[in-house]
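Starting from the given sequences, assemble the full structure and let the hints guide the process.
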Amino acid sequence: MAESASGPSDKSVQVKLVLLGEAAVGKSSVVLRFVSNEFQPNKEPTIGAAFLTQKCRLEDRVLRYEIWDTAGQERFHSLAPMYYRNAQAAVVVYDVTKASSLEKAKSWVKELQRQANPNIVIALAGNKLDLVQPKSPAADGTSIDGDEPDDATATPGEAGAAESEVPRAVPTEEAQAYAQEAGLLFFETSAKTGEGVVELFTDIAKKIPIEHILASSRGAGRNGGPSGRGAANQQGVNLEESAAKGKDACNC
Amino acid sequence: MDSHFQVIILGTGLAESIAAAALAKVGLKVAHIDTNPYYGADEASLTTKELQECLNRATERLDQISRLRTASVRGEFPSASRDYSLSLSPSVIPARGPLISSLIGSGVARYGGFKLLESVSVYSSDGLKSVPGSKEEIFRSKDLSLIDKRKLMRFLMFASGEFESSSELRGKETMDFGSFLKEVFSLDSQLTSVLACALALCKSQCDTALPALGRIRRYLRSAGRYGASPFLVGQYGGLGELAQGFCRVCAVSGGTYILGRDILAFESKSESSSGSEETKNLRLKLSEIPEDLTADVVISSINYLPHLSNFPQTETEVNLSTTESHSCCIALVDGVIPRLSSYESAQATENDSTGEPVEGSSEEIPSRPVDAALLVFPSGSLSSGKASGPVNVLINGEGTSSCPRGKSLLYLSTTTQNIDANEANNPEQILRPYLEITLSLLQSPSGEPLRELSSAFYIKSSPTLSDTHLASLKGKGIFVSPPLPEHIAEAGDAAASIGETLFRDVLKQLGNPDADDVELWPPLPPGLDDDDDMI
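Chains as they are written, first to last, in UniProt numbering: chain A, 1 to 252; chain B, 1 to 535.
Read the hints as simulated data drawn from the structure, not as lab findings. Quick caveat, the model's predicted, so the values are computed rather than measured. Note that the Cβ used here is the ideal one computed from N, Cα and C, for glycine as well. Treat the hints with care, as some may be off.
[Claimed, not checked] Just some of the chain A residues that point at chain B, by a computed CB distance under 10 Å:
{"id": "1", "residue": "P41"}
{"id": "2", "residue": "W68"}
{"id": "3", "residue": "M82"}
{"id": "4", "residue": "Q133"}
{"id": "5", "residue": "P134"}
{"id": "6", "residue": "V237"}
[What the hints assert, rightly or not] Sample of chain A residues at the chain B side, in silico, Cβ under 8 Å:
{"id": "7", "residue": "A50"}
{"id": "8", "residue": "A71"}
{"id": "9", "residue": "G72"}
{"id": "10", "residue": "Q73"}
{"id": "11", "residue": "F76"}
{"id": "12", "residue": "S78"}
{"id": "13", "residue": "A80"}
{"id": "14", "residue": "R85"}
{"id": "15", "residue": "P118"}
{"id": "16", "residue": "D203"}
{"id": "17", "residue": "L239"}
What follows is the structure, given as structure tokens:
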């Protein structure tokens, strides 16, 4: 476990986490909830940032997530190898109200096992839990009241379905059994209410082999994480830092 | 899918990817397409499996859209395919230049990792000599006589200054660079050859003075920005990885990516809509995509032109004339290559007054393995070699993350000028002798022998298109992205310049009157890094 470490306790460890899953299952919304504790009901399909960062305290360590969204490159199966490169964690998201999205999630898990680092920690997240919960606003009436008339779905086509009661299409037990069999962490989440989201990322953090990351980034030549920035890469060149320093350093 | 785009871009080479990122960032709707199943086109970084597939297609002349030809493979590629990132365009990047500016301006620098090139060495019959990259190194060099040092210093002063207007150069701009050095700076043929091959990185003996001087000046000015070395090497196979980074920037700005589909049909028709404005209607049909994609403007890598059907016949046969070809070899080596004398060791010597200066031979350097180094065989330096120009060998070790621990990569390349189209140009025949001698030279005397695991040889052609064709295509709303120069230190910067030109051309075509003044990379949003909230 983490605390048996020899490294300084205040050192923050950078962890690249990639998101995967079918379009419109709420990948970006889950991250937005985690990173800014916000929810945007009609989010645009892409997030528009290279990656988002969020620190996560874990006992005596600080983990710094660098969260990469697919930016839509998964749509035509055109995710670049760079996306998976050095990812230490992945969240594969499906929609509990859409059975086919779990099948899609399974194929992403296979893809991760093929493309990504073999030690990657994978979590399966069944999102949009709020839509199928009897005690949530749905209990007060079939439509979700107030300022948030819509559900977590970014896809306009599905918005209509959410106004009425949405039946659960993926039983918890089924997804859990699959996750167990495939060795994945498993959570059901709601980006809208926030349920399960922090737990998801905290449990991933607990499972990340931090010592291994620190050790391998100290090792010769091995380049840690999304590169060049952390202590991970002593001999690597950081173009941005040196560029600022080196403006007048013409050597000719 | 909403299938109309302002810009469709064909080919994910570095130049097209830079254009794609810049265009998407100003808010245009971009579709970026590559018929290959990988990013990077002719600059791709590939796994061993992808490289084999790519070369097989090149050899069988299947309908592959690339410039690779005449491939041969020796030995078995390691089955751990993903441990390797093999570059189809092995490169070093000058620390100052358009590519580095674009990497920083676009934010792609954050995605990629970079190493400094440790050394440039030159082969001669008495071994490898490291090339002094600065005045300090010339002072320290033990290989040079005092008089040669003075001549070299004079030359470097000249080359780092504003030589365009100098009396030394006047009237000699197009003289070949070697003769220029001999005539104006009285340098002997050995020094001349070292300067031409290893400092100016000339591709042949007939490189002319002005561009060669321009390169030297840029490289001299690049030294010191990130370290003593003027050059950076990208990790994970270099330019191909950077192309992926620019594509990601395009995607996060809303760009659509479609790889690995065939082009079934391409149509271009000009319609005058109600007399006011002519709209270019370009229509593209891809396999497995039900809807046709349409666009106002198309950027096409030159590789795609012959594959765009429904062009008038004369254009389909496109006069892609080839004036030079490039023989390449990628060798996977079992064993670690010890460091050669380097920029870094030269600095260390400077700081350590008691230390012995490090000599050019590899024997005296302790165990640290090479990350990235360049070795140059000047023309005619190897009696058994038949290359007509210099042969470059880019060495990549584990530190470049492009091969696993305990292994190394050698990229050999040389350019043949004015080839006859029918000439049976065998890249393996040309490069094999250089590979053999490199393996024996780089061997550490105490360590395990270096062993060639497998190697791939191929030719990269450099097609060109006449200006009349380019103009006629432009009239249809099609902008052609030319092939990058096959030059180890120039390809990346050329890609950035081409990318910027395409960006401005497209903006102009779409009616932006300020196209020339728009910033290629608008300022990046403040970093999200200083977010101190914690969960």
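Ascending list of hint numbers which this structure does not respect: Hints 1, 4, 5, 15, 16 contradicted; others consistent.
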